[in-house]
Amino acid sequence: MKFKDFINTIGLVLFIAGVHTKALDSTYSIVNKVRSTPGKSNKGTECAVAFNSKGKPLIVLWHDPDSPNKIYSASMGDPQWSFEDFNENTQTVSLAVDGNYVGDHLQCASGQDGVTVLPANDYVWTITQNDGSEATYMIQSGHKYWGLSSADLNTRVILGEKTGTDEQSWYQENLLP
Numbered sequence: 000m001k002f003k004d005f006i007n008t009i010g011l012v013l014f015i016a017g018v019h020t021k022a023l024d025s026t027y028s029i030v031n032k033v034r035s036t037p038g039k040s041n042k043g044t045e046c047a048v049a050f051n052s053k054g055k056p057l058i059v060l061w062h063d064p065d066s067p068n069k070i071y072s073a074s075m076g077d078p079q080w081s082f083e084d085f086n087e088n089t090q091t092v093s094l095a096v097d098g099n100y101v102g103d104h105l106q107c108a109s110g111q112d113g114v115t116v117l118p119a120n121d122y123v124w125t126i127t128q129n130d131g132s133e134a135t136y137m138i139q140s141g142h143k144y145w146g147l148s149s150a151d152l153n154t155r156v157i158l159g160e161k162t163g164t165d166e167q168s169w170y171q172e173n174l175l176p
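Residue numbering for the sequence shown follows numbering that gives the first Met the number 0, beginning at 0 and increasing consecutively.
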């Protein structure tokens, strides 16, 4: 094998490994890649996943990177999410600050109306990095992917078939030093 071929092979392996990297264990804001719908208030603002209430679907709120809490949310608690390895392929996504549910360990789970938050029961997700230069991820359970039907305030985080669109692309803003 020529040295150049060897280097190209190593580069390809590293590229493929990087494409399928899962998120690191940490505490994050989960932000959708799509900006808010044109013509709506806060036009061009990103949407971040917020805790709605135990047993209710997750929703998105406006993401404000300059806000100390990162999100415009007076009533829904501090929407921080903890990613933890469950096994080598899957992770749990848990509410890091439980608001009124102190003592409950709440995890994101598949619900009838999309992604919901329930008492912990080893609900797991496959979180893999998308192709491309941006560090965005897809979050899925089986063949169902987290997504938005629109990037508007209070839109539910839904589960659907893979579309490959930005509505199913998320990035994690690390909240720990």
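Hint data in this document are derived by calculation from the structure and do not stem from the laboratory.
Check the hints yourself; a few may be wrong.
Claimed, not checked - Restraint ranges, calculated between C-beta atoms of paired labels, are given here:
id	residue 1	residue 2	range
1	Arg34	Thr127	31 to 39 Å
2	Phe85	Ser149	14 to 22 Å
3	Asp121	Lys55	14 to 22 Å
4	Ser52	Asp130	31 to 39 Å
5	Ser109	Gly163	28 to 36 Å
6	Asp130	Gly54	30 to 38 Å
7	Asn120	Ser149	25 to 33 Å
8	Ala134	Gly54	28 to 36 Å
Stated by the list, open to error - Under the rule of at most 27 Å between Cα atoms (straight-line distance), these lysine-lysine pairs were calculated in the DSSO-like manner:
id	residue 1	residue 2
9	Lys21	Lys161
10	Lys143	Lys55
11	Lys21	Lys143
12	Lys55	Lys161
13	Lys32	Lys161
14	Lys143	Lys53
15	Lys55	Lys32
16	Lys32	Lys143
17	Lys143	Lys161
18	Lys21	Lys32
19	Lys53	Lys32
Every residue, glycine too, gets a C-beta built ideally from N, C-alpha and C.
Violated hints - listed by number, lowest first: Violated hints (numbers, rising): 1, 2 and 5; every other hint is consistent with the structure.
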